[in-house]
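Residue numbers (numbering that gives the first Met the number 0), protein chains in the order written: chain H, 0 to 330; chain A, 0 to 400.
Any given hint could be a false lead.
Unchecked claim - Where chain A lies over chain H, by a calculated footprint (3+ residues, C-beta under 8 angstroms):
(1) 34–45
(2) 51–64
(3) 103–110
(4) 117–126
(5) 181–193
(6) 279–293
These aren't lab readings, by the way, just hints derived from the structure by calculation. Idealized CB from N, CA, C, for every residue including glycine.
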Amino acid sequence: MSRMHVVVTGLGTAVRGLGNPGELLGDRRPGGVPADPVERLTGRGLRYKDRATKLAMVAGEEALAAAGLIGADGAPTVPGESVGTVVSTNFGNVDTVCETVATIARDTYLGTSPMLLPATSSNVVASWLAITHGLRGANLTLCNGRTSGLDAVNWARLLVGSGRVERVLVVGVEPDNPAVRHLAPEQDEFFDGAAALVLESAASAAARGVRPLAELGPYARRAEHTRAVADVREREPRAVGLWCVPEHPEGIRAPGASLGPGPVGGVRDLSELLGPSSGALGVLQCVAGTAWLAGAAPDGADDVVLASAGTGDTGRDDAAAALILTPARSA
Amino acid sequence: MSWIVTGSGAVASIGSDTDEIYESLVAGRSGLAGLRGYDRGKFRAQVAYEIDDRPAPGVDEPLRATRWLERAVEAAAREAGLGDDLSSVPVLVGTTLRELRSVELSWRDGTPVEVADLHFGTMLRRRFGAADTHTVANACSASLYALALATDLLDLGQADTVVVAGVDTISESTYGLLDRCYPEAPDRVRPFDRARRGMLQGEGAVAVVLRREADGPGPGATVQARVRGVAVNCDAYHPSAPEAKNIAAAVREAHRRAGVGSADIDLVMLHGTGTPLNDEAESAALGSVFAGVEPSPYMTAIKSMTGHTAGASGLHSLVAAVDVMRRGSVPPIVGLDDPVESVAGFRMVRGQAVRPEEELRIAQIDSFGFGGLNAVAIVERYAGDETAGGDGAAAVREEGR
């Protein structure tokens, strides 16, 4: 399966103030009082969808459209069975859970709305993405701590590699609400948004005539950050042109030391730019990395992008994950 | 490719290990009891299938799911000869509700809860040194979905051994919302009975150790069963209601992956939640898949005794199927007194356990969840005289087609 080339063919974001994925590479924090991205959603049925679902729907639709997988009506341009869905979120549905338990304490079960039942299950975001676009392939939700976004991208690759699906919509999302703030009292900033990408086999992209933006390289989830990075760098030794770092990168060794020889370019701390994004981070990193490879990388360079999430060995997380993105080969 | 189960462990309301659970199932012993950890005055429904381990009646505590998961994984790893060191073994945990009950206690009562304990990797790292761990929140088909992912990891050469687990506790938000949804409060889980009133939740955890059959069980372990294939898909239809057509597609794909036909299935572990929507969708799907198969496979539904153990339920059914095939008795669907019309052609096990004279060799395990998530596994009895990876295994496999 390491022989199968899996490429990125579409990107999407739903972050207040962020115009396009390329802005993840800029130094400017999204500022002013920009429009809420979920205002882009129209139609019925929004009332009972939670914030995470709505953010994911905006980013997901953008990525699917960019990859040419849905038409103007939102319906897939390929068989729905061939498209999988993978979502990463840690806090996606805690608002529904907390509001409901408070309602029961106050008004008994009679005070609750049965329409909220699906959102008590943590897969509700992936469920609505599939329903909205008719994605009938394997459908996964990863709630795996701070590495979750990178883990989700790798599971999407495995679903393609195993032949279960030909392409996958991956979305990382975290909402900002009182329940999330309650669970992370030490944080003073909170991310509210989603990032999405479409992954498919290089063969599928070629058959559809879609230009790959980047290719997935090796992935590892290990107990220590240094081991996760060393593991992927061993398998992909090309120079790292961009390193997207974990939340709380303070305890992590400098890239020069942990990345081995070769020039190291920019270091991006997306948590610093947008607030700690937990389960969304890995997907945001891959969107930023793809945008860099597809546009901002120096001409003629063969540099790769390293993304790492979770710090493992510093004691803040149970593990660290690392993933490399490489330039897309021209077909 | 086929895979072997080399260790298993489970806890539920009806038993604290796989033996106790099997014995309870065969005896028709249910875990149903009055609500133990909630204020009963807040609900119309008054019963559930809880594990009785709270510090005092009416007093709840966080991290119970994590505790059960630890026990199930520990038992499975020991049986598989892995001991307590899972530092080089991926662990995939399927769950509907993660530690959201702990979040409820934190939000409502101020009980301290660490964010890191919301996913199970934190405990798995501390207890077993495991780092390649994945909490898959795939609703009530989560543990069989995780089993499918594990077979893929082994197929693709990404691992030699994988621990697959499932775990769920009851959250008050789901219990209350289910109570709100049903016209009458369910008195118990009665799959496929005309008097069914809906689903009641159960608690528990379960784990199995999976390897490629060609590699054998490894040192200190024996083969408990052979996994022939696992299919997964998504209805993309409704956030909570199932779709019969897509369930049938998942069953057919599982048969195709396993290289079996409908007539080869000896036993079906039904998803069987006792909700009219699910029961009807499942019986319609199985009616089409098993049309013309006479007599039908034996069919049973263990949720009638364990309650709906949600993300753990698929793997609970799988471990039960393995024990049924090894030990010979098929547990009854407790409370199935007056079956609905749609199961009239099926050999539903009722009243008490049956002990078929013929060997039960191939089982189908159904598991469906919110979001239209369907997972179906085909598992084969592993005869004691077979040698994993040897000619015997191949011969049995050929004969099974």
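The hints, checked one at a time:
Counting residues of the segment 34–45 of chain H whose beta-carbon sits less than 8 angstroms from any beta-carbon of chain A gives 0, not enough to reach three: the coverage restraint is violated. Evaluation of the coverage hint for the segment 51–64 of chain H: breached, as 0 residues show C-beta separations to chain A shorter than 8 angstroms, against a requirement of three. A stretch counts as covered by a chain when three or more of its residues have a beta carbon under 8 angstroms from one of that chain; for the segment 103–110 of chain H and chain A the count is 5, and the coverage holds. Under a criterion of three residues with beta carbons nearer than 8 angstroms to beta carbons of chain A, the stated coverage of the segment 117–126 of chain H is upheld, 8 such residues being counted.
Only residues whose beta carbon comes within less than 8 angstroms of a beta carbon in chain A count, and the segment 181–193 of chain H has 3; three or more means the coverage holds. A count of 0 residues in the segment 279–293 of chain H with a Cβ less than 8 angstroms from any Cβ of chain A is obtained; the coverage claim is therefore unmet, three being the minimum.
Hints 1, 2, 6 from the earlier list are contradicted by this structure; the remaining hints agree with it.
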